[in-house]
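K.L.:
Sequence:
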Amino acid sequence: MRSLFLGSALFFLATAAMAQEGVNSVESPHDVATTIDKLTTALESKGMSIFGRVNHSANAEKAGMNLRPTELLIFGNPKVGTPLMNCAQSVALDLPQKMLAWQDEDGTTHLGWNDPMHLKSRHSIEGCDEVLQKVSQALSNFAAAATAN
Numbered sequence: 020m021r022s023l024f025l026g027s028a029l030f031f032l033a034t035a036a037m038a039q040e041g042v043n044s045v046e047s048p049h050d051v052a053t054t055i056d057k058l059t060t061a062l063e064s065k066g067m068s069i070f071g072r073v074n075h076s077a078n079a080e081k082a083g084m085n086l087r088p089t090e091l092l093i094f095g096n097p098k099v100g101t102p103l104m105n106c107a108q109s110v111a112l113d114l115p116q117k118m119l120a121w122q123d124e125d126g127t128t129h130l131g132w133n134d135p136m137h138l139k140s141r142h143s144i145e146g147c148d149e150v151l152q153k154v155s156q157a158l159s160n161f162a163a164a165a166t167a168n
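Just so we're aligned: 114 in the working numbering is position 95 of the sequence shown, and the numbers increase by one with no gaps anywhere.
It is possible that part of the hints are untrue.
[What the hints assert, rightly or not] In silico BS3-like cross-links for lysine-lysine, where the CA-CA straight-line distance does not exceed 27 Å:
{"#": "1", "residue 1": "Lys139", "residue 2": "Lys153"}
{"#": "2", "residue 1": "Lys117", "residue 2": "Lys65"}
{"#": "3", "residue 1": "Lys65", "residue 2": "Lys139"}
{"#": "4", "residue 1": "Lys117", "residue 2": "Lys98"}
[Stated by the list, open to error] Now the in silico label distances, taken between C-beta atoms and shown as ranges:
{"#": "5", "residue 1": "Asn85", "residue 2": "Glu149", "range": "37 to 47 Å"}
{"#": "6", "residue 1": "Asp125", "residue 2": "Asn160", "range": "20 to 30 Å"}
{"#": "7", "residue 1": "Gly41", "residue 2": "Ala167", "range": "18 to 28 Å"}
{"#": "8", "residue 1": "Thr127", "residue 2": "Asn105", "range": "30 to 40 Å"}
{"#": "9", "residue 1": "Arg72", "residue 2": "Glu46", "range": "14 to 24 Å"}
{"#": "10", "residue 1": "Ala77", "residue 2": "Gly126", "range": "15 to 25 Å"}
{"#": "11", "residue 1": "Thr101", "residue 2": "Met136", "range": "11 to 21 Å"}
{"#": "12", "residue 1": "Ser143", "residue 2": "Ser44", "range": "18 to 28 Å"}
The set of hints was computed from the structure by calculation and includes no laboratory data.
Where a beta carbon is used, it is the ideal one built from N, C-alpha and C, also for glycine.
From just these sequences and the hints, can you work out the full model?
P.N.:
Now the structure itself:
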């Protein structure tokens, strides 16, 4: 019985870890809406276009369902995305970029985004590490700006 419990626990831990593969996240001291507002300001100040803001919680409410605060921001800039697509056009499936702010069951706000280095393996990108590292650094900087006090 004990080994069954341990096996089940390990399975669930491994599943949770796999769900986060390729996703970076940081905690935010702000609520979800403020985090996305600050992210929007940071992005626009660097010439990024905002393509959409999806309030998943509001949409859930319209459908008669509950969801803790969860908002997605969709953004990009051809000067950033085009070099990635020149590395592998299939990367366009993952563009424009997105960042998600959500409140967990403990009330903590998180800001998450796809790790550009994960795109390398997903799209078999070769010879573009410098581009991927620049995008990765830019996304980290935007996240830091959105979650700063």
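K.L.:
Regarding Arg72 and Glu46, is the given constraint of 14 to 24 Å on their beta-carbon distance met?
P.N.:
About 21 Å separates the Cβ atoms of Arg72 and Glu46, which means 14 to 24 Å holds.
K.L.:
Between Gly41 and Ala167, is the Cβ distance one that fits in 18 to 28 Å?
P.N.:
holds, 25 Å
K.L.:
With 37 to 47 Å as the target window, see if Asn85 and Glu149 comply at their CB atoms.
P.N.:
This hint holds: roughly 44 Å between Cβ atoms.
K.L.:
If I claimed the Cβ atoms of Thr127 and Asn105 lie 30 to 40 Å apart, would that claim hold in this structure?
P.N.:
holds, 38 Å
K.L.:
When you take the CB atoms of Ala77 and Gly126, is the distance between them in 15 to 25 Å?
P.N.:
holds, 19 Å
K.L.:
Determine whether the Cβ-Cβ distance between Asp125 and Asn160 falls within the hinted range of 20 to 30 Å.
P.N.:
Because 27 Å falls inside the window, the suggested range holds.
K.L.:
How does the Cβ-Cβ distance of Thr101 and Met136 compare with 11 to 21 Å: does it lie in that range?
P.N.:
holds, 19 Å
K.L.:
When you check the alpha-carbon spacing of Lys117 and Lys98, does it fall within 27 Å?
P.N.:
Within the cut-off at roughly 16 Å; holds.
K.L.:
Is Lys65 within 27 Å of Lys139, Cα to Cα?
P.N.:
holds, 25 Å
K.L.:
Is it true that the CA of Lys117 sits at most 27 Å from the CA of Lys65?
P.N.:
holds, 16 Å
K.L.:
Given the range 18 to 28 Å, decide if the beta-carbon distance of Ser143 to Ser44 lies inside it.
P.N.:
holds, 25 Å
K.L.:
Does Lys153 lie within 27 Å of Lys139 when you go C-alpha to C-alpha?
P.N.:
holds, 13 Å
Hint check: no violations occur; every hint is consistent with the structure.
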